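Top line first, the protein sequences correspond to chains A and B. Mapping the first sequence onto the working numbering, position 190 (from 1) lands on 190, and the numbers just tick up by one. Mapping the second sequence onto the working numbering, position 52 (from 1) lands on 397, and the numbers just tick up by one.
It should be emphasised that the hints constitute simulated quantities derived from the structure, not laboratory data. Among these hints, one or two may not hold up.
Some residues of chain A that are not near chain B, with every Cβ distance over 12 Å (derived) [to be verified]: (1) D138; (2) Y186; (3) I261; (4) R339.
Reference listing, derived: stretches of chain B covered by chain A, where coverage requires no fewer than 3 residues with Cβ under 8 Å from a Cβ of chain A [said to hold, decoys possible]: (5) 453-467; (6) 585-591.
None of these values were measured; they are calculated from a predicted model. Heads up, the beta-carbon is just placed ideally off N, CA and C, and yes, glycines get one too.
These are the residues of each chain, in order.
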Amino acid sequence: MATLDMTDPSDQRQALRRMLLIREFERAVRDNFADGEIPGFVHLYIGQEAVAVGACSALADDDYVTSTHRGHGHCLAKGMDERTLMAELYGRSDGYCSGKGGSMHAADLDEGMLGAQPIVGAGVPLATGAGLTAQLRDRDWVGLSFFGDGAFAEGQVHESINLAATWDLPAIYVVENNLYSEGMTYEKQHNVEDLADSAAAYGIPGVVVDGMDVEAVYDAVAEARERAARGDGPTLIEAKTYRYRGHYEGDPQPYRTQEEIDEWRENRDAIDTFATRLREAGVLDEGEREELQSAVEADVEAAVEYARDAPFPDPEEAYDDVFVEPNPDVEYFRERLGRTGGADR
Amino acid sequence: MSALDATGEQLSVREAIRTALREELARDDTVFLMGQDEEDGGSFEVTAGLYEEFGRDRVRDTPISETAQIGSGVGAAATGLRPVVNVSYSDFIAICFEPLMNQAAKMQYMFAGATEMPLTVRAIEGAGFNAAAQHSSTVHTLVSHLPGIKAVAPATPRGSKGLMKTAVRSNDPVVFFEHKNIYERTGPVPEDEDFTVPIGEAAVLREGADVTVVATQQLVGEALSVAEDRTDADVEVIDPQSLSPLDTDTIAESVRKTGRLVVADESPLSYGLHAEVATRVVENEFYSLDVPIQRVGVPDTPIPFSPPLEDEVLPTAEEIDLAVDRLV
């Protein structure tokens, strides 16, 4: 998805539309998961839309991002199509990963999405690797990793940032501090007020931004991208944000109060804040938010219909793509189990 | 050409691996090496001289961060490079099993083939140096158990060069195991730069009619010496070279001829390569077997430090000989 110019009114409206699309997509996932239509686990991004949209709007098409188990927002912000993404969540062959990935592994390398990543922190070295390719092959892209405050307790996150800092790789690390790591409060996980303080340990800039402010996130990532492109190395950005839903759908959330959630929703909501700001600046006409909302609702409804109508994969596809080159062991076991079909069965 | 009539220059295993890496670095500028002290030749001097020849972009020192080494290698492989990552001692794979097992092995599957994973991981394993439990393990069976990963552990200079070149050129992730106690082993290696050994092809190192010994790495040498010394049995020695995938056909064909099988491998005996080879033979050639299959390996202990203790647990030529005794 093309880079946005956040000083341009049309692009600002486009950013708002992307945030609305993510929220509406997630509402549909919430409802249809509750109805049993979507298999597996889902982890929703509602509340954090400003981070994905702010960051991805500052990136170029060729830039790579890695995501988290809460990845739908990043996928849509990076330019993935809501219908194909929904089909993947439904486990259908028309999904991005032909039904092999699902919610937790959605990926589209053509859009620079190196994969949702439910192993906490494990996307960070992958973005570092994308930056390494850019440096060795003289490419213009950067690797950006989204990860949560929980991931900041993982060793490989720190190894990867240190490696990128040491090698001045074109990489950006965006930690989305939503105050909860699964069901654990931030205070239980960390002993510092700002995770971005760790940047000092790598000798790179550490930036704290309001993750409920799409323009603040955009500005921080745009600056980090310029720095990376100059060859000056990575930046660590901490976006302070909030997760409206539980860790997973169905999470009883004994660790926080409804009052706390309501406080964020009513007074700090990223979409409301941005829409109000645009209206006050005269960028958004009266009724335009509702028009955008209706448009994304139609898009998401169409995505759900598309996913429902899409076929499931052929069971034989379970054996595809284990390796690029044929693997005699896979065939050996299939044959012995009588799973190769044909006359022997 | 079979391994039996191999010709070419005499190289050590170390030189064979280095030659393979040099040729691939020269052939394809997306290939690069990274690891600890790699600019100085890495562990056991395998890559000595390559930094001087190819420079820092292509031969790079990493921080001591095995997880980031493999993880960033996965990211680099998915975006267009062919990384050869050296994690030094294979024991350290314990630190970086996550990017190996969950990323390298699964990405192309989870993404339905949208990406390839041309990643090679070099891991130095094996005992014999009194290096104690955390620098002597043989872990190739752990890695061979991972769907989506290929594992090779050649025993000869010829196999080492040919398989390293195949690993680097492969669009699948390959873990290349080097036994630290056979780096000095020499043998003929074809000089042709396009010489490769396919992954999944065993090498018959000695033909024989009476007993099949499937032996790996260091134990290939022991098996060959047993074969030379036995006057009562004509022993065939097979180096599987590729552990996953495994060349079932070559091993089954040999057992069809001999009716007797010993499997000798330096990994712990439970649930490992021994069991896999034995099971495949039972699945395919049960009625060719004249006597029960015999296993030689480490009796499920870590590798101890003190020389008499290490000698106690390591498989030997005598144990292979004893296993053959039970068959003839």
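Going down the list of hints, with the structure as the test:
Not every Cβ of chain B is farther than 12 Å from the Cβ of D138(A); the closest lies at roughly 10 Å, contradicting the non-interface assignment. Look at Y186(A): its CB is around 24 Å from the nearest CB on chain B, clear of 12 Å, so calling it non-interface holds up. For I261(A), the shortest C-beta to C-beta distance to chain B comes to about 32 Å, beyond the 12 Å cut-off, and the non-interface label holds. At the 12 Å boundary, the C-beta of R339(A) stays outside the reach of chain B, the nearest C-beta of that chain being 15 Å off.
With 10 residues having a beta carbon nearer than 8 Å to a beta carbon of chain A, the segment 453-467 of chain B meets the requirement of three or more and the stated coverage holds. For the segment 585-591 of chain B, the proposed coverage by chain A is satisfied: 3 residues have a C-beta within less than 8 Å of a C-beta in that chain, meeting the threshold of three.
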